[in-house]
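Visitor: Let the hints inform the model, and build the full structure from the sequences given.
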Amino acid sequence: MVKIALVSCGTEYSGIQKEIEKAALKFGAEIILPEIDLDYINEAYEKFGFSAQSSSLKLMIARAMSIVEGKCKPDAVFIATCFRCAEGALVRNEVRRFIQNNTRIPVVTYSFTERTKADELFIRMEALATTVTRRSILAREKQEGLTLGLDSGSTTTKAVLMENNKVIGTGWTSTKDIIESAKIAAAEAFEGTGYNWNDVEGIGTTGYGRFTMGKEFKAELIQEELSVNAKGAVYLADCQRGEATVLDIGGMDNKVITVNDGIPDNFTMGGICAGASGRFLDMTSRRLDVDITELGPLASQGDWRKAMLNSYCIVFGIQDLVTTLAAGGSKADVAAAACHSVSEQVYEQQLQEIDIREPLIQVGGTSLISGLVEAVSETLGGIDVIVPEYSQHIGAVGAALLVSGMGNRQDK
Amino acid sequence: MVKVAVYPPNSLILADLVERKGHTPLALQKQIRQKIKDPEIDSPPMNITEEDPIKGLKYAAIEVPSGVRGRMSIIGPIIDEAEAAIIVDNAPFGFGCVGCARTNELSIFCLRKKDIPTLEVTYPTSRDETMDMVNKINSFLDNLNELDSDNADNADNTDNEDNE
Numbered sequence: 000m001v002k003i004a005l006v007s008c009g010t011e012y013s014g015i016q017k018e019i020e021k022a023a024l025k026f027g028a029e030i031i032l033p034e035i036d037l038d039y040i041n042e043a044y045e046k047f048g049f050s051a052q053s054s055s056l057k058l059m060i061a062r063a064m065s066i067v068e069g070k071c072k073p074d075a076v077f078i079a080t081c082f083r084c085a086e087g088a089l090v091r092n093e094v095r096r097f098i099q100n101n102t103r104i105p106v107v108t109y110s111f112t113e114r115t116k117a118d119e120l121f122i123r124m125e126a127l128a129t130t131v132t133r134r135s136i137l138a139r140e141k142q143e144g145l146t147l148g149l150d151s152g153s154t155t156t157k158a159v160l161m162e163n164n165k166v167i168g169t170g171w172t173s174t175k176d177i178i179e180s181a182k183i184a185a186a187e188a189f190e191g192t193g194y195n196w197n198d199v200e201g202i203g204t205t206g207y208g209r210f211t212m213g214k215e216f217k218a219e220l221i222q223e224e225l226s227v228n229a230k231g232a233v234y235l236a237d238c239q240r241g242e243a244t245v246l247d248i249g250g251m252d253n254k255v256i257t258v259n260d261g262i263p264d265n266f267t268m269g270g271i272c273a274g275a276s277g278r279f280l281d282m283t284s285r286r287l288d289v290d291i292t293e294l295g296p297l298a299s300q301g302d303w304r305k306a307m308l309n310s311y312c313i314v315f316g317i318q319d320l321v322t323t324l325a326a327g328g329s330k331a332d333v334a335a336a337a338c339h340s341v342s343e344q345v346y347e348q349q350l351q352e353i354d355i356r357e358p359l360i361q362v363g364g365t366s367l368i369s370g371l372v373e374a375v376s377e378t379l380g381g382i383d384v385i386v387p388e389y390s391q392h393i394g395a396v397g398a399a400l401l402v403s404g405m406g407n408r409q410d411k
Numbered sequence: 000m001v002k003v004a005v006y007p008p009n010s011l012i013l014a015d016l017v018e019r020k021g022h023t024p025l026a027l028q029k030q031i032r033q034k035i036k037d038p039e040i041d042s043p044p045m046n047i048t049e050e051d052p053i054k055g056l057k058y059a060a061i062e063v064p065s066g067v068r069g070r071m072s073i074i075g076p077i078i079d080e081a082e083a084a085i086i087v088d089n090a091p092f093g094f095g096c097v098g099c100a101r102t103n104e105l106s107i108f109c110l111r112k113k114d115i116p117t118l119e120v121t122y123p124t125s126r127d128e129t130m131d132m133v134n135k136i137n138s139f140l141d142n143l144n145e146l147d148s149d150n151a152d153n154a155d156n157t158d159n160e161d162n163e
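Chains as they are written, first to last, in numbering that gives the first Met the number 0: chain A, 0 to 411; chain B, 0 to 163.
Keep in mind that the hints are not guaranteed to be accurate.
Unchecked claim - Here are the simulated lysine to any residue pairs, SDA-like style, with alpha carbons at most 20 Å apart:
id, chain 1, residue 1, chain 2, residue 2
1, A, Lys-17, B, Asp-41
2, A, Lys-17, B, Ile-53
3, B, Lys-54, B, Ile-31
4, A, Lys-21, B, Pro-91
5, A, Lys-46, B, Pro-91
6, A, Lys-17, B, Met-45
7, A, Lys-72, A, Arg-134
Hints in this document: simulated from the structure, not taken from any laboratory. Note that the coordinates shown come from a computational prediction; the quantities given were computed from them, not determined experimentally.
Guide: This is the structure:
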């Protein structure tokens, strides 16, 4: 059984201890608490050098130190502190860095509230457990052979065919029936390559429909999107070593993943509001009567400050943009305001839950909207945002990469 | 007999000193004991559930971290019940602690503003300071006895007046 050390400031006081244990158990893992004595707390705390006022944070530091010093030997570490606690957030991040810099143990961090449920923790625990049990797969930095990656997302299904470290075919269709959509996307990916299903040496599936697709196509790898997207992003952006942040503003939900050496260690995901999603930009392009592919370049020419936008809401925000157009405002300014609105809301609602590490790799369909990428960079103080090639197929690329080296299905 | 809140609220030494002087210590252990004895709840180790941080809203706003509100859901009722308080500042965790500096700040503030007899001492660092602290606590508790008997006399007089 995978042993996950809980390093926290007191999850039991928020009534979520049971939820954490339940989530770990679902993925064949158990939660352990690194045992330490009172004298060691002071010793470790002074050695660490962070002057925390809360004694639970001192205990947290000491537990992290006991892991680094090998007094406790977990397979993975789950670091959690209360959401909205500044002192907790500072210690959480420093403890995370400390463990990552001094050990090879996978770490996932989380800030919790009393509403944290096991369901929210599943994907983190699954990522932690699979990082332990599939370390060799996640360590893969090069794709070999002929592999197919399938990503069944909430809005679209993507397929990527890779051969010897190169993407040779891609497919993209809106998600309806999971299997049929996957078949359509895969057919598109095979087109013109001369290959078909029978030639493929490995199939990897990810996304919401990963289990359904995995069963149907007898996939060698069925993996949650946290590990797969992170891996795909750092692979395509050529950032496989060191830290990075992966941002995916999706059609229905957004994901922000922080990565260390290609392995995810924190994650925030949420359908916070349609106004902060790709759907808002889709509606804006329709109102402007331009194709979604033209929205980005149009936004780059405009100035968001010149368009009135008093609401982030997909209904009232769009109304504001229409009012601006009616008052003689330019389409470019309106497009820029829409991109700025989405990026600002993602920043306010989601990016604040996570420590942004450079470089920021923007992926997903919306990463092709250049105006949005510029708005994200501006909102984050002008940081460089990398949009790698095939960024809209990130999950499928990650699945195709990870499944390579898992053996040739033709040999079975 | 006076109900005395002690802080840190799980300090066995403070609770013992209060009990020895014939008062009732209001300690965290009693609150936790009540919770873990409840067969209806199964949320180990302390049976604090999602509902408890919500109960803590009585003492701290929704913007305050859930850990503070969860702790206040247990410590808050102790503060509400307190008729006197003994606070030991800068105590090390071995003496008793709730683990969260923000909870400490809020709890001590709530005790201070309650306008009840309160003794605040700093945690001793030497033998002499320790004796001094214990003496101060004992004197404070003795004075509570007088206060208690004065209150009892006043209550009796009021009763007599009412009867007359």
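Visitor: Could you work out which earlier hints the structure fails to respect and list their numbers in ascending sequence?
Guide: 4
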